Structures are given as structure tokens and as C-alpha cells.
Amino acid sequence: MIQAFAFYLFAALVLASGAFTILARNPVHSVLWLILAFFNAAGLMVIVGAEFIAMLLVIVYVGAVAVLFLFVVMMLDIDFAELRSGLVRYFPLGLAIAVVLAAELVLGVGAYRAGALELGTPAAETAPLVGEANIVSIGALLYGRYLFLFESAGIILLVAMIGAIVLTQREARADAGRSQQNISRQVSRRPEEATVNTRPEVGQGVQL
Amino acid sequence: MELTSSLGLIAPEILLSVAGLFLLLVAAWAGDRASSAISIAACVVLGAAFFLVAPSVCAGAAGLETVAFGGQFRADAFAGFAKLMIYAAAGAALVVAPAFFTRYAAMRAEYPVLVLFGTLGMSIMVSATDLLTLYIGLEMQSLAAYVLAAFLRPDQRSAEAGLKYFVLGALASGILLFGASLLYGFTGTTQFELMRVAMAGPISTGTLFGIVFVLAGLAFKISAVPFHMWTPDVYEGAPTPVTQFFATAPKVAAIALTARVALDAFGTHADAWRQVVIFAALASIVVGALGAIGQTNIKRLLAYSSINNVGFILIGLAAATPQGASAMLVYLVIYVAMSVGSFVAVLMLRDEDGAPVERLADLAGLSRTKPALAFCLAAMMFSLAGIPPLFGFWGKFVVFQAAVQADLVALAAIGIAASVIGAFYYIKVVKVMYFDEAVNVVRDRSDWAHWALLIISTALMSPLGYLLTGPLSVLADRAAASLFFLV
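So the sequence lines, in the order shown, correspond to chains A and B. Here our numbering = 1-based position in the first sequence + 2. Here our numbering = 1-based position in the second sequence + 50.
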């Protein structure tokens, strides 16, 4: 009873905040609605017993991704009124695409319900570790059976990082020193190098 | 126990990744001054990986003892054969890079590191026997390639090539992933072995959709028509050593991966994918031959030439027999040697100021100004055209032979006819070099490494190459047999 109540509460809130994400006029409000949607989705995950996914949703999506969105929205000067200005012109095209997608959904689900689509049966070897918290099960899979792929995925992220640095660091290298902090030079700096005593004539400025 | 044997099987990959990480640290601390030392070290690592893989290729490793990580990875002779080509081609791309980048003061220590990680991705691709491994390898290779294409950031064309490659590559990855998700949904597994078993019997529409989408995503990576549009732009814009790398190593990896997916995972339904592959093969041959005719840029011309060659390679795949796979591998070896030779020759051409020469018209009169270079380039062109005394003919011959043996006579006939069209523009290059008046002075400012690569590939393409047909076909047959060795 309490579970059903919690489910309908979270589900309704997810739907509502998802709708408000799109409808909100102010982009900052949109992001805030999105964060609310993430929180409620995390609640839904707790109900189905996937507490690790729920935790990830809060930590990764709310903590990192949504905050990043918020920064981007606040820092980039995007004219959202201009972005929306083509709405009437593109409305028929958008509607047509939406109708096609909806028809595909109905056809697909209908065929599946009618038994025309026969999905494959998962290979039997994916039996869950009984009685373990699902973080243990995920860890056992990632560091056990999928060890090779997990480590390879790490290298992909490293390559992406090298790429980002190689492609953006170029301009900074032209005037090397400005972009990088030289700690030893900072620490070894003496007061007499940094300050000068001058006695300018009256009415004349100081040359820096 | 299982982990230990698996780690033994991925020894070349471990070597590449550890060396890549170590060289990355060296690059971070020593900076760009160390870039040539890092390039040399990366070449040594590639050589070591080459000799780690070589024994399994010679022994024709196949079967259960080559399976690692519970069927996600297989280090059989087929994968080994492709890895040998990939390591050699990556080494060639490292050798020619410093001379090119130094002119732009853009030789950076990250270049060899990115090439190493890209090679690691390709190495994983050719050994993939699971959709997850396939995708991880493909993305690792692609990410490194996107960065390499834009490596000359201040150059507008290079930045454009990188961006174009990235956007279209991401789209292709999306298509491939969609197909993979359909395959997983309808077969219930991501492993090629189990997928083949699950697909036995009449094929469902959903599975068919999955096959087509996966093949479309892979066709982008091998730049087969109709997914070839990015190739000329990216090849033209990317720095020439990088173009040479793109035309060789990633092509080998993507073609070997396509062959494994088609023959292993979809092996029970050759009829389902064969028409797709036949269409891509014929379209690639025709578009590659016709598209090259109007080109004035040598790199664009070689890009169309690579599209054309992919078509011939796919004819071997369409046969769906061990002979076809073996012919495909032989063709790939010859194609890699021809591509390396042509691109090295292009890299050696400089105008009076030392700027790279890329226009076809600038080759005019090369036979008088640089007779040796012109001779080597002419040999490459005749070989690419498949003119008999040269070794390029042998590759086309074995591919067509395999197609005829698999009762694909019409495919072979159209392929031969289209290769005659292709011969036109290869011979046009020779005509420009030998019969046109020289308009400007072309010098070559090349070192011994360029000459060594060019002489090796010219010697391979000369009739001397036929001495290799015996060992080459034995190794390719073993590799193809290991691909068809069903566990």
C-alpha cells in the first residue's frame, strides 16, 4: 500500500517536472525542474530495489551533470527567445515527425503484444548474486567478467582527455607561462625583486 | 586460472597500453623536445608487439585456446594477421611524421602517444568477439583518429577535417549501436558465438534490421559507398602522415572486424547480409573509379582510390568462404603496401619553399626533375591499377578467383569492368609525371627513412613481390581457417 502510494507520488512528480522542464520560460527554471525530475527518478529506483542506480542518479546527474547545465545556461549568453522564434514555422515538420514516431511506438508495442515479435531469451549465465547488495553485484561483474572492457573504457576516457588537451592547449603554448603556474618561481621570489622604491618628481607619474 | 590465460592472450594489448601510458608521462614531463625520442620508442614498442603476435600467426592459432575473457576476445590467427598489418602501418605513420610536422613547428609529443592508443583500439577491434568489445575498440580507435585529423589545429582544413570526421563518426556509432541493441534484443546475447546459435533457423525481421544497421555503421568506418562522403574531405584536410595512417591501419582493422561480424556472428545467414555487401562492393568500385577522375588534389585522388579498393576487398567478403576471407587478407596486405608507398611518395614532394605539394598539376615533369621518385610513384600507380607484371594484379586476381568459385560470376565481371575505368586516373598520374612539361621545380627534402619505406614498398609491388605469394597465401589461408573454426 505504502509502496503503491510512493510509486504514484514519485511517478507523478517525474512527469510533472519533466513537463515543466520543457514549458518553463526561464532556462534556469528548466534546469531546476530537471533536477527535481532526477530526484524523483532516484526515488523510483529505490522502490524497484536498485539503490546503487538511485545513488548514482543523485550523485552524478544531480551533483555533476545538472549543475554543469546550470553553469552553462547561466554563463552562455543564449537568446532563448530567438531560439523559440521559429516554432510556428517548424511546427508542421515537428508534428509530422512526432506522429511518425508515435505510430512506430504503437506498431512496435502492438506487434509485441500480439506475439508477432519474438525477443531472444537472455543467456542463462546472468544469475544475480543472491542476498548481496546490488553494488556488490555490479562490482563483481565489472571487476570480474567485464574486467577487460572496464579497463579499456578507462583508456578511452584517457584518450578523450589527451585529445581535449592537445586541441585546446595550442594557443596557450604561444605565450607559455601565462597558462601555467610555475610554483618554484613563485616561492623563490624575493621581496626586493617584487618591490621598487621610486621617488617621482611632483606632477609626474610612476613608470611601471 | 582463466584470468591468467586470458592475460597471456592479450599480451600485445597490455604491452601497447602500458607503453602508451608510460610514454604519455614522458611526454608530460619532457614536453615537445622529446617528441622524436618518443616516436622512436613508440616504433620499438610496435615492433615488439609485432613479434609478440607473429608466432600465433605462423602457427595458425585457432579454437578454444585462443578465447579470452569468457568469449569477449579472441587472439586467433585471423586477428594476428590483421594486427601484424596494423602495427606495421602504424609504425610507418610514425616514421614519416616528424619531417612533416617540423615544418609547421607542430611536432608534438602527443602524436606518437595518440597513434599508440589508436593502434591499441584497432588491436581490440580485430580480436572482438562480443558486441561490447567491438564498440570499445571502435571508439578507442575513432577518438584517437578524430584528434589526429585535427592535429594541425591552426590550419583551417585540418580543424574542419577533424570536426567533420567527429560529427559523422558519432552518427555512424549511433547507427551501429542501434543495430547492436536490436541484435541483443532479438538474440538475447552480445557474444558472436551465442548470437550465431540463437540466429539459427528462420531469421526474424528485427534481427534483419539489426544486421543491416550494424553493417551500415561498419561501412562508414571502412568508407564503403554509400557511407563514403567524409573520406575525400577528411583525407584532404588531415595532415598527410595522418592521412597515410587513416588509409592503412584503421581500414585494415575495420575490414577485419566487418569480416568477423559477418562470417562469425551472422555466419548462419550469409544470404541476409550478402546482398548488402555486394551492393556496397559494386557501388564502392564504381563511385571510387568515377569520383577520382575529376580530382586535382593528390590526396583526394588517393581517397577515392581507397574507396575503390575497399570495393574489391568486399568482393572477397561477399564470397563468404574461407577462400574469400583469405583473398581478402592477401588483398589487404598488398593494399597497405601500395597506400604506404603512394603516401610516402606524396610526402616527399616539396616545392621551392619546402611546402608540401598536393596538386596533381605540380607533378608535371617529375620524371625529369626527380626520376627515381617518379619511377616509384609510377610503379605504385600501375600497381593500384592492377596492371599484370606488378604485384597489385595478384590481389585483384585472388579476390576475383574467390568470387568466381563462390558462384558470384556477375559480381566478378562487373568488378573487372569497373577496374578498367579505375585504371584511367592512375595512368593519368603517370602521364602527368612523364609527358607533361615541368611548370615548377619540385624538390624532395626527404631523409633516409622516407626512401627506405618507399623502396621497400616499391620492391614489394615490383614483380619481385610474386616471390612472396607462397608464404603469404599459406599464412592467409591459416588465418581464414581460424576465422571459420567454430568453437
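Think of the hints as simulated: they come from the structure by calculation, not from any bench. Please read these numbers as outputs of a predicted model, since none were measured by experiment. Note that the Cβ used here is the ideal one computed from N, Cα and C, for glycine as well. Be careful, since some hints might not be right.
What the hints assert, rightly or not - Stretch-level coverage of chain B by chain A, calculated; a stretch enters the list once three of its residues show a Cβ under 8 Å from a Cβ in chain A:
no.: 1; region: 186-192
no.: 2; region: 199-211
no.: 3; region: 232-238
no.: 4; region: 366-379
no.: 5; region: 460-474
So, going through the hints one by one against the coordinates:
no.: 1; hint: 186-192; result: holds (count 4)
no.: 2; hint: 199-211; result: holds (count 4)
no.: 3; hint: 232-238; result: holds (count 5)
no.: 4; hint: 366-379; result: violated (count 0)
no.: 5; hint: 460-474; result: violated (count 0)
When held up to the earlier numbered hints, the structure conflicts with 4 and 5 and fits the remainder.
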